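Number of protein chains: 2
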Amino acid sequence: MQHFDYYNPTHICFGENRIKSIEHLVPSNSNVLVLFGGNSAKNTGTLDEVISALSKNKVTLFGGVEANPTYEKMMEAVEIVRENNIDFMIAVGGGSVIDGTKFVSAAALYPNDPWEILTTGGKHIGKTVPFGTVLTLPATGSEMNSGSVITHTAKQSKLSFMHRAVFPQFSILDPTKTYTLPKKQLSNGIADAFVHIMEQYLTHPTNAMVQDRYAESLLLSLIELAPKVLSESNDYQSRANFMWVATQALNGLIGAGVPQDWATHVIGHELTALYDIDHARTLAIVLPALLSVKKHHKQDKLVQYAKRVWNITEGSDDEIAQQAIKQTIKFFHSLDIPTQLSDYQLERKDINTIVNQLEKHGMTSLGEHGDIDLQTSQKILEQAL
Amino acid sequence: MQHFDYYNPTHICFGENRIKSIEHLVPSNSNVLVLFGGNSAKNTGTLDEVISALSKNKVTLFGGVEANPTYEKMMEAVEIVRENNIDFMIAVGGGSVIDGTKFVSAAALYPNDPWEILTTGGKHIGKTVPFGTVLTLPATGSEMNSGSVITHTAKQSKLSFMHRAVFPQFSILDPTKTYTLPKKQLSNGIADAFVHIMEQYLTHPTNAMVQDRYAESLLLSLIELAPKVLSESNDYQSRANFMWVATQALNGLIGAGVPQDWATHVIGHELTALYDIDHARTLAIVLPALLSVKKHHKQDKLVQYAKRVWNITEGSDDEIAQQAIKQTIKFFHSLDIPTQLSDYQLERKDINTIVNQLEKHGMTSLGEHGDIDLQTSQKILEQAL
Chain A
1 MQHFDYYNPT HICFGENRIK SIEHLVPSNS NVLVLFGGNS AKNTGTLDEV
51 ISALSKNKVT LFGGVEANPT YEKMMEAVEI VRENNIDFMI AVGGGSVIDG
101 TKFVSAAALY PNDPWEILTT GGKHIGKTVP FGTVLTLPAT GSEMNSGSVI
151 THTAKQSKLS FMHRAVFPQF SILDPTKTYT LPKKQLSNGI ADAFVHIMEQ
201 YLTHPTNAMV QDRYAESLLL SLIELAPKVL SESNDYQSRA NFMWVATQAL
251 NGLIGAGVPQ DWATHVIGHE LTALYDIDHA RTLAIVLPAL LSVKKHHKQD
301 KLVQYAKRVW NITEGSDDEI AQQAIKQTIK FFHSLDIPTQ LSDYQLERKD
351 INTIVNQLEK HGMTSLGEHG DIDLQTSQKI LEQAL
Chain B
1 MQHFDYYNPT HICFGENRIK SIEHLVPSNS NVLVLFGGNS AKNTGTLDEV
51 ISALSKNKVT LFGGVEANPT YEKMMEAVEI VRENNIDFMI AVGGGSVIDG
101 TKFVSAAALY PNDPWEILTT GGKHIGKTVP FGTVLTLPAT GSEMNSGSVI
151 THTAKQSKLS FMHRAVFPQF SILDPTKTYT LPKKQLSNGI ADAFVHIMEQ
201 YLTHPTNAMV QDRYAESLLL SLIELAPKVL SESNDYQSRA NFMWVATQAL
251 NGLIGAGVPQ DWATHVIGHE LTALYDIDHA RTLAIVLPAL LSVKKHHKQD
301 KLVQYAKRVW NITEGSDDEI AQQAIKQTIK FFHSLDIPTQ LSDYQLERKD
351 INTIVNQLEK HGMTSLGEHG DIDLQTSQKI LEQAL
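Those protein sequence lines, which keep their order, are chains A and B. Per this note's numbering, the very first residue in the first sequence carries number 1; after that it's consecutive. Per this note's numbering, the very first residue in the second sequence carries number 1; after that it's consecutive.
Take these hints with a grain of salt, some might be off.
Quick partial rundown of chain B residues pointing at chain A, CB under 8 Å, derived from the structure [unchecked claim]:
hint, residue
1, W115
2, L218
3, N241
4, I351
Just so you know, these hints were derived from the structure itself, not from any lab. Just so you know, these numbers come straight off a predicted model, no measurement behind them. Backbone N, C-alpha and C define an ideal beta-carbon position, used for all residues, glycine too.
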């Protein structure tokens, strides 16, 4: 196990009908901005529930936060916070609305150009506007972590930042809020959570027994849950377990004290920024290709993953590792998620464009060893053709 | 899965040489009371390390906190805090010192008689004195939770309280600090952590996939670690994993959203208060007896435990459950911890005394169903003879 710091002060309120707890969680008399995405928050009644729990507060609404929230859109919210002296925010939605709210939280009181938050990874964040979340889409884990990813449309850049001052104060996790989600968002959510776990687990062994077994717990649960989540829309228990798995997948716990990869995410971000492929779907393209290209470096962990998660025990270590990669691909396909660039009409000639963007963003030494240079990224993308 | 609230803001600093981080974690210019137990904190140099990290603070020392910290002793610390305007505390030690410090944290600013904190379970705690911990003995999980157990010597009472205001601000977990621990404290620590997990896991199934698998992860890790922890005193990785398991065993995570038992602890507390048997050793007496007496109510979970933790698959469910209980007893014996009252020269006639104490403390409906009345406690104790 490596040295680590673990800190996560987000208060989770889990269960049906928990939105009303907001009344006690938001300081009374605070001036609240409620951020949300499209019309679903309105149509499902969730927004109304939030507003009625805020009967003692002044409430301003800010809708239209995009999937892959943009710098341009979130800066409109920053203006509203500044002009209206907003002192608390609530994000109602999935990872996009929450990530966007984190950016607003940091940017509204930032003394310099807020774009700097993204180019410096959040290093200089000072005071922030506190916020809570009401999660409607289990996927990103943003409801219980301090990270955020923002897209600058004009610059075709998708960049991230982290800071302990942007943990949500609370997050309401009501599994029934997922009942109305379209199947595509659910399968994307499952794939996203799956890859979050893999980015922190599938590196090399460091004798981190708890972290490894926790990660395997989450992978096993997701694999068991996926068919139920996708076929039974009103099954409380499978939605509850899925929601808690997705939160645990990226709240810092399984990644504390272990090496982490994240190359799949970095390469995937370029695919979203360039070709508008759903975030989770980019991960399903890159992960299996990366595992194949880095198979020898990751062999020990691939074998552990094969045995403990997929119950694959027959064959040489290399064969076991290959079978584990095949099972991973099969799992994505079981979610109706394709795993090749060609499934999105991308060809060999597009790879140069992607690699150029990686270079432009300084993403030249990725992975747990920092040895995924541009050439290796190119190999991974070729493997994914 | 049941509804739950999960909140745990303790910042964990994990690894060798982390004590120096205290310099940045304690507010500068604060007036610090450092609490510790016997001479080991002094002899091992840990206390000196803490003091030198506090070079910018005024420091007062308070030693002599007992195993099973007493109300009487901790009230001496409360007086010191009040008289010296202490505004930060650091507990250096194991669960006893940390539990004692939590009581001081709450009692020093308590407007009424501090004894009320224990008779009301902490319900009316208001402002507290913030504190951090330097853990030297992995066992109780107190370093990352908000619970505390205090013994009133004169009243022969061992009572507990919980409150979100007594989470440690930070805890330093340096596995090398365990190198000098005597074997008995290590085996007690392993047993204590094991039973903490079982109290939250071995009830009845509620479809809490993550919580169940996390609990099993911790049990499997402890079982794998125990021989190494007890035989290799300077093995960093086994001590690090043990330390992290013990913290995870009782930081609220595996118990969130599931029924909990805790009857073993309540009955065990009486054994400690009456006969001065080490806390962990009382648990090893009560747990197997309780599992036997409640075997039919707990059968589904006993079978799951047998299969996933002990790899027992042959036989009827009842036989599988019985074998799992036998393995549990064998595990305690492998730690050199006896599991019967007779091992401590207690006889049938002592059971009345214990049950009378349970009655006196109102412990008449224990367990996840509240159905362990005095008669059932008596049966459990008879089973443990």
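Going by Cβ atoms only, is N241 of chain B closer than 8 Å to chain A? Holds - the Cβ of N241 of chain B comes within 8 Å of chain A, reaching about 5 Å at its closest.
Per the CB criterion, is L218 of chain B less than 8 Å away from chain A? Given a least distance of 7 Å, the restraint on L218 of chain B holds.
Would the stated hint for I351 of chain B survive a check requiring a Cβ distance to chain A of less than 8 Å? 38 Å, violated
Next item in the hint list is W115 of chain B. Is there a CB on chain A closer than 8 Å to its CB? 29 Å, violated
In the structure shown, a violation is registered for the earlier hints numbered 1, 4, in ascending order.
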